[in-house]
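Position chain B relative to chain A; hints supplied.
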Amino acid sequence: MKSAYIQAISYYLPQAILSNEEINANFPDWSVEKISSKTGIYERRIAGPNETACDMAVSVSEKLFREHSIPKDEIDFLLLCTQSPDYFLPTTACIVQDQLGLSKNIGAIDFNLGCSGYIYGLSLAKAMVESSIAKNVLLITSETYSKFIHPKDKGNRTIFGDAASASLISDNGFAKIGNFIFGTDGSGWEQLIVRNGAAKNRQKQGVDLYDGDVFLKNDDNLFMNGNAIFNFTATVVPELVQNTLIANALISDQIDTYIFHQANKYMLNYIRKKMEIPEEKFFLYLEKTGNTVSSTIPIALHEFILNRIKLPSRVLLAGFGVGLSWGGTVLLFQDE
Amino acid sequence: MEETLFLKKFQDQLEDPNVEGLSLETKFREIPTWDSLTGMAEQMMIKDEFSSAIPDIEFQQSITIRDLFNLMLKYRKQS
Chain A
1 MKSAYIQAIS
11 YYLPQAILSN
21 EEINANFPDW
31 SVEKISSKTG
41 IYERRIAGPN
51 ETACDMAVSV
61 SEKLFREHSI
71 PKDEIDFLLL
81 CTQSPDYFLP
91 TTACIVQDQL
101 GLSKNIGAID
111 FNLGCSGYIY
121 GLSLAKAMVE
131 SSIAKNVLLI
141 TSETYSKFIH
151 PKDKGNRTIF
161 GDAASASLIS
171 DNGFAKIGNF
181 IFGTDGSGWE
191 QLIVRNGAAK
201 NRQKQGVDLY
211 DGDVFLKNDD
221 NLFMNGNAIF
231 NFTATVVPEL
241 VQNTLIANAL
251 ISDQIDTYIF
261 HQANKYMLNY
271 IRKKMEIPEE
281 KFFLYLEKTG
291 NTVSSTIPIA
301 LHEFILNRIK
311 LPSRVLLAGF
321 GVGLSWGGTV
331 LLFQDE
Chain B
1 MEETLFLKKF
11 QDQLEDPNVE
21 GLSLETKFRE
31 IPTWDSLTGM
41 AEQMMIKDEF
51 SSAIPDIEFQ
61 QSITIRDLFN
71 LMLKYRKQS
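Here the protein sequences line up with chains A and B, keeping their order. Under the working numbering, the first sequence has 257 at position 257, and the numbering climbs by one with no breaks. Under the working numbering, the second sequence has 28 at position 28, and the numbering climbs by one with no breaks.
Bound conformation, chain A alone (with noise of 0.2 Å):
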């Protein structure tokens, strides 16, 4: 039976950098050391005023070709996965398939996923590969959570970044993808939200909301209950890494590697630590990105693979987050 691959990755970042001077600057409560320490973001990167998910979709997809030579027209299907599209329609992979050149004999769609995406994003293109429906899937995430985020939001403008990563899914490459467990709680739908704009509130019509002297929320623009997706993470993440390993017949121990959605450090720390997982096991990659949504997984997996003198055999992928969304997978690097 066939199996599927990540034959390669590669991410961009825009060039505007917001950095945690700059944050202080605007809030003097928040101490360049807090920032941090708590976080463990030293900088995110910001998509310029006219740069959209779409932009920067093209831009990771040719630096991908470029990087790795790949042939363009051996692409047959290309998913994007975006919660910032340039439009409501069309479907804006079918734009991205347009300004790549790619060949017109291709299917094209976007999934609207956020921090969950990039592994959902593996299942589908894992799928078609063994299915025969496609040979090499071009599996794209790109990001402009910066367009939604108040400029008064302290917390959201600290955490998140802008970022695009670009994979190549096919019948070969360096990582086996191996078996899925997913996860969804709609009920948790409003603790991560832009109320405003779309379907069913389309009038931006937000006003800014404050507790004393500390901006709360604006409905046309992002907001995050902090506690709640704390509580979500800290509550389902344990049991989904459980889950991935009992989906692939493995224990623990015997993976190498866990590379978890780049949240926050502090957030990420919590759950090591009740999970006992040892540092060493436990990647982390966000002080120079932020949390860039779907980007993250695949960017920590870029520079893992990059910096690393021995590649490891075993490495376990989870993603959580808005929807309230989840899932997990293995990436097997040796003939397993």
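Because the hints were derived from the structure by calculation, they are not lab data. A portion of the hints provided could be inaccurate.
Pulled from the structure, derived: some chain B residues nowhere near chain A, Cβ distances all over 12 Å [to be verified]:
id	residue
1	Glu2
2	Glu3
3	Val19
4	Ser23
5	Phe28
6	Glu30
7	Met45
8	Arg66
9	Asn70
10	Lys74
11	Arg76
In silico PhoX-like links for lysine-lysine, alpha-carbon gap of 20 Å or less [what the hints assert, rightly or not]:
id	chain 1	residue 1	chain 2	residue 2
12	A	Lys154	A	Lys273
13	A	Lys274	B	Lys8
14	B	Lys9	A	Lys273
Given the structure is predicted, the values throughout are model-derived calculations rather than measurements. Just so it is clear, CB atoms sit at the ideal spot from N, CA and C, and this is done for glycine as well.
Leaving out everything else, chain B in the frame of chain A:
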């Protein structure tokens, strides 16, 4: 004994677990490294370690570690 255990678990969640002079009478928001993330972690710890889900509003209204201990007792699931 349970008070001692609660205090130890609370202290373990702090960014600097070596903070001195911590007691159940400590006003926890005055701990130098305290912030909202620490609060979330403590609330989660109480839920995980003591099977007690303290409602957000009551957690936010608490002042001392003893207040949290008493809420833990109040909301602890009976086995």
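Enumerate the violated hints, using their earlier numbering and listing them in ascending order.
Result: hints 7 and 12 break, sorted rising.
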